[in-house]
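There are 4 protein chains.
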Amino acid sequence: MDLLARIRSEMLPFAELLGVEFVSVSPEKIVAAMTVRKDLCTRPAVLHGGAVMAFADTLGATGTILNLKEGSGTTTIESKTNFIAPAPVGSRLTGEATPVHRGRRTMIWQTRVTTAEGQLVALVTQTQLVL
Amino acid sequence: MDLLARIRSEMLPFAELLGVEFVSVSPEKIVAAMTVRKDLCTRPAVLHGGAVMAFADTLGATGTILNLKEGSGTTTIESKTNFIAPAPVGSRLTGEATPVHRGRRTMIWQTRVTTAEGQLVALVTQTQLVL
Amino acid sequence: MDLLARIRSEMLPFAELLGVEFVSVSPEKIVAAMTVRKDLCTRPAVLHGGAVMAFADTLGATGTILNLKEGSGTTTIESKTNFIAPAPVGSRLTGEATPVHRGRRTMIWQTRVTTAEGQLVALVTQTQLVL
Amino acid sequence: MDLLARIRSEMLPFAELLGVEFVSVSPEKIVAAMTVRKDLCTRPAVLHGGAVMAFADTLGATGTILNLKEGSGTTTIESKTNFIAPAPVGSRLTGEATPVHRGRRTMIWQTRVTTAEGQLVALVTQTQLVL
Chain B
39 MDLLARIRSE MLPFAELLGV EFVSVSPEKI VAAMTVRKDL CTRPAVLHGG
89 AVMAFADTLG ATGTILNLKE GSGTTTIESK TNFIAPAPVG SRLTGEATPV
139 HRGRRTMIWQ TRVTTAEGQL VALVTQTQLV L
Chain F
39 MDLLARIRSE MLPFAELLGV EFVSVSPEKI VAAMTVRKDL CTRPAVLHGG
89 AVMAFADTLG ATGTILNLKE GSGTTTIESK TNFIAPAPVG SRLTGEATPV
139 HRGRRTMIWQ TRVTTAEGQL VALVTQTQLV L
Chain Y
39 MDLLARIRSE MLPFAELLGV EFVSVSPEKI VAAMTVRKDL CTRPAVLHGG
89 AVMAFADTLG ATGTILNLKE GSGTTTIESK TNFIAPAPVG SRLTGEATPV
139 HRGRRTMIWQ TRVTTAEGQL VALVTQTQLV L
Chain S
39 MDLLARIRSE MLPFAELLGV EFVSVSPEKI VAAMTVRKDL CTRPAVLHGG
89 AVMAFADTLG ATGTILNLKE GSGTTTIESK TNFIAPAPVG SRLTGEATPV
139 HRGRRTMIWQ TRVTTAEGQL VALVTQTQLV L
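Residue numbers (this note's numbering), protein chains in the order written: chain B, 39 to 169; chain F, 39 to 169; chain Y, 39 to 169; chain S, 39 to 169.
Simulated from the structure, these hints should not be mistaken for laboratory data.
A portion of the hints provided could be inaccurate.
To be verified - Quick list of in silico lysine-lysine cross-link-like pairs, DSS-like style, CA-CA up to 25 Å:
#1 F:67 / F:107
#2 B:76 / B:107
#3 S:76 / S:107
#4 F:76 / B:76
#5 Y:76 / Y:107
#6 S:67 / Y:76
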């Protein structure tokens, strides 16, 4: 089973609920897509900020996992999001996570969430502790 | 209709999906509860970091709304979370949001998410733009 | 030598340059003062945001040090600041740092910087790695 | 007078104190250098985290200024730093700030601080309010 198939077969319950779809995964980059469903929205009907952060968190954690030595685990210790533009209901988002730092004790990942038109929706930077 | 009834009657779709329950609301403090359902978890079965952030974001935005002049709106422009302890499946969380700053152009709210035993799960600080 | 005298005798070079004055120190709270000198300002003459962050970083790191076991060290791995109000040249600031979390692997400290009139200037939250 | 000469002639007092040297400036990118002097250090003798943040803050604010319409001003409302590696005394740092977002109400800039060897020292993301 290749890496993408493995990640898809191990979807986290909350990532399932959000409808996160992994597109490509490697230790250097994680790409995933998500459709802005009505039940993920705030009012007016744009993606809830919390759903944006959850989408990104899932990607950054997955990227970290692909860089861990066997027997290690990870947990997000902090996450920072800048929200730039709303993502309207029905739109299709792409998240692209790349590493800022891959150390023995911590890893830092940054995720750009964009619309199909290339509009930046949010920029998320998170620190993962290596356990 | 009092303030709490009004807020409950205007639940955002994503807050409904997460099962956010408002307990008390005022312009000075927002308190809400949430049960860690299985489908909100990561693996192992503790609340997904994204769900923690979404819970807090909902509270901070609600607090801001209660401080807006009529005709104004708000949007979260940035959010920062420190994750302190995991929240196991089945546990009951409380979120308490209080204002750090309530200005004409921005408001800053901080939310503490704790377990029933009083363990701090996360601390979230967010900036809301007043529109 | 008591704790305050010890901390004062071990002033970091950059804290000296900024004119940080420790007022009281304990493992539960660090209080320090700083005068907004002209050479610490931006234009117009209010304290440069970087000087605010440096002031707070010094306090949070000191608080962590007072909670370390012998032989351990610490480094700031991330820091988040919200700026609320300007601090005019000549004003006298107080910084008060308290722990959000004191764990084996990380500590989180939050520092409130206020003017003599009690106006909140900035809120800083930082994570220290325990080494 | 070209843009670089103008920025150099308007150095902020605190940027002078830190020894910030602008290398190139444009509305799309700000590059500056700084030498890690002894009096900018913590103990052991590596650049104080506060000095790193102040260096970056100066660059992000300058970038914003170059994108303002005449008559507008700006203030940093929040700043987030991830610290990745120490910068030893005597080393020469480069800061490179690029825009994440340039809007009417806010601008977001990200600054990478690196050593001469290309080691990433810190990543700073800041939001500037347009006044």
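Consistency of the hints with the structure:
{"no.": "1", "hint": "F:67 / F:107", "verdict": "holds, 17 Å"}
{"no.": "2", "hint": "B:76 / B:107", "verdict": "violated, 39 Å"}
{"no.": "3", "hint": "S:76 / S:107", "verdict": "violated, 39 Å"}
{"no.": "4", "hint": "F:76 / B:76", "verdict": "holds, 21 Å"}
{"no.": "5", "hint": "Y:76 / Y:107", "verdict": "violated, 39 Å"}
{"no.": "6", "hint": "S:67 / Y:76", "verdict": "violated, 28 Å"}
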